[in-house]
Amino acid sequence: MRLLSQVNLNSLKIVESAARHGNFTRAGEEQFITASAVSQRVKSLEDQLRFKIFQRGGNAVSLTPEGETYVSRVREALERIVAASMEATGQSQEHVLKISVLPTFAARWLFPRLPLFQQQYPDIVMRVSTSYATHEFTTSEFDLEIRYGDGHFNGLPSDLLFREDLTPVCSRKLFHEVLGQKPLSKVTPDDLKHFTLLHSDTCTQNWQSWLGFAGASFVLSETKSIYFDSCMMSYEAANSGMGFAVANRAYMASDIRAEKLIAPFAVHHPNTAGWYFVSPHKSPAARKVLLFKQWVMAEAAMTQRQLDSEVTDLASEAV
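The numbers in the UniProt record's numbering rise by one with no breaks, and the one at position 253 of the sequence shown is 253.
These are calculated hints, taken from the structure and not from any lab test. This one's a predicted model, so the numbers in the text were calculated from it and none came from an experiment. Think of the CB as a built atom: it goes at the ideal place given N, C-alpha and C, for glycine as much as any other residue. Fair warning: there could be bad hints in the mix.
Stated by the list, open to error - Taking lysine-lysine and the DSBU-like style, the derived pairs with C-alpha atoms no more than 30 Å apart in a straight line are:
{"hint": "1", "residue 1": "K186", "residue 2": "K173"}
{"hint": "2", "residue 1": "K186", "residue 2": "K224"}
{"hint": "3", "residue 1": "K186", "residue 2": "K260"}
{"hint": "4", "residue 1": "K98", "residue 2": "K293"}
{"hint": "5", "residue 1": "K52", "residue 2": "K98"}
{"hint": "6", "residue 1": "K224", "residue 2": "K260"}
{"hint": "7", "residue 1": "K293", "residue 2": "K193"}
{"hint": "8", "residue 1": "K224", "residue 2": "K182"}
{"hint": "9", "residue 1": "K13", "residue 2": "K43"}
{"hint": "10", "residue 1": "K182", "residue 2": "K193"}
{"hint": "11", "residue 1": "K98", "residue 2": "K182"}
{"hint": "12", "residue 1": "K52", "residue 2": "K13"}
{"hint": "13", "residue 1": "K193", "residue 2": "K224"}
{"hint": "14", "residue 1": "K173", "residue 2": "K260"}
{"hint": "15", "residue 1": "K98", "residue 2": "K193"}
{"hint": "16", "residue 1": "K173", "residue 2": "K193"}
To be verified - Have a look at the derived ranges for each label pair, beta carbon to beta carbon:
{"hint": "17", "residue 1": "R287", "residue 2": "S225", "range": "47 to 53 Å"}
{"hint": "18", "residue 1": "D150", "residue 2": "T188", "range": "30 to 36 Å"}
{"hint": "19", "residue 1": "A258", "residue 2": "V7", "range": "42 to 48 Å"}
{"hint": "20", "residue 1": "D201", "residue 2": "R287", "range": "25 to 31 Å"}
Build the full structure now, drawing on both the sequences and the hints.
As structure tokens, then:
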């Protein structure tokens with residue numbers, strides 16, 4: 001085995017790129033090498049480290065738990081190298097906003113809205129990292145994070161964006177294939193036993209929590225289940241017609257409005273936990289952070305108002 005001190009910096013950049021894209025081909029395009037070369041670099045580094053960084057599956061790859069931690073540290077180190085280089089050459093980081101966001105929050109809520117922020121503030125350069133890991137602001141280069149929890153993050157300032165609000169969703173096509181033209185007002189949680197339930201390893205208690213709240217815990221033992229390694233995959237499976245996923249309504253609202261998905265239950269389960277804007281103790285906060293905070297808080301408030309309105313409408317229809 002080669003010494004770890006001989007790890008190639010380019011190999012770390014390739015691994016970071018592959019983790020960000022979840023795909024060796026796209027990483028190769030970004031690094032101007034072939035997908036095969038990416039695979040070889042990753043394999044060589046895994047041999048040096050003596051653990052698997054990625055789980056391979058067709059064209060897509062996903063990080064192992066060890067890989068998640070490792071790539072998070074590598075990404076922080078690469079950010080520091082870039083920052084040090086820019087500082088040494090007199091280039092300012094004043095307009096570079098570096099944020100860390102949970103992957104599903106990023107893909108299902110933030111990314112569709114982020115072009116609006118870029119249009120309003122074209123001078124701010126975004127550097128977005130997606131990770132389930134949290135970071136120490138004293139040692140990382142991130143200006144802020146979007147975290148999930150109860151709002152208590154080791155004394156760090158945090159502002160609630162919106163709380164989790166669970167509801168089951170499935171494709172409209174699957175719903176009508178199984179239940180025909182049954183009116184939504186007549187659908188009950190008991191009907192879920194006719195469908196496959198889609199679970200996530202990162203949100204293990206969501207089905208149990210929602211069914212318990214709806215008074216239908218028995219459904220878990222009476223229906224088929226499929227398990228995925230992330231909430232994102234369970235949502236995509238629901239969109240593909242594989243079954244019902246229980247999802248945060250803010251994530252699925254656009255698909256429901258577009259009639260790609262159907263949320264047939266008036267029962268929605270508000271959670272005490274939610275998504276928070278978290279920033280380090282910096283006074284005064286940088287302009288880029290304040291502008292992003294004002295923007296994202298306004299977008300979140302708009303989302304919450306829309307969800308509250310839809311809940312009111314559902315309650316009216318159920319009466």
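Taking the hints in turn, this is what the structure says about them:
Taking the CA atoms of K186 and K173, the gap is about 18 Å. The hint holds against a cut of 30 Å. Of the pairs offered as hints, the one joining K186 and K224 holds, with about 23 Å between alpha carbons and a cut-off of 30 Å not exceeded. Note on K186 and K260: the hinted pairing holds, with a Cα-Cα distance of about 21 Å set against a maximum of 30 Å. Only pairs whose Cα atoms come within 30 Å are accepted, and K98 paired with K293 is accepted, the gap being roughly 13 Å.
A C-alpha spacing of about 28 Å is found between K52 and K98, which places the hinted pair at or below 30 Å, so the restraint holds. About 23 Å separates the Cα atoms of K224 and K260, which keeps this hinted pair within 30 Å; it holds. Taken as a hint, the K293 and K193 pair is broken in the structure, with Cα atoms around 43 Å apart against an allowance of 30 Å. As the CA atoms of K224 and K182 are separated by approximately 22 Å, the hinted pair is consistent with the 30 Å bound.
Restraint check for K13 and K43: the C-alpha separation of about 14 Å stays at or below 30 Å, so the hint holds. As the CA atoms of K182 and K193 are separated by approximately 15 Å, the hinted pair is consistent with the 30 Å bound. At roughly 48 Å between alpha-carbon atoms, K98 and K182 are farther apart than 30 Å, so this suggested pair is violated. Under the criterion of a C-alpha separation no larger than 30 Å, the hint pairing K52 with K13 is consistent with the structure, at around 17 Å.
Simply put, K193 and K224 have alpha-carbon atoms about 8 Å apart, close enough for the 30 Å limit, and the pair holds. A distance of roughly 9 Å separates the Cα atoms of K173 and K260; the hinted pair therefore holds under the 30 Å criterion. About 45 Å separates the Cα atoms of K98 and K193, which puts this hinted pair outside 30 Å; it is violated. Using a Cα cut-off of 30 Å, the hinted pair K173 and K193 holds, with the two alpha carbons roughly 17 Å apart.
A C-beta distance of roughly 49 Å is found between R287 and S225, which places it inside the suggested range of 47 to 53 Å. The supplied range of 30 to 36 Å is met by D150 and T188, whose beta-carbon atoms lie about 31 Å from each other. Checked against the given bound of 42 to 48 Å, the beta carbons of A258 and V7, roughly 46 Å apart, stay inside it. Distance hint check for D201 and R287: the Cβ-Cβ separation is about 40 Å, which falls outside the suggested range of 25 to 31 Å.
Comparing the model with each earlier hint shows violations of hints 7, 11, 15 and 20; every other hint is respected.
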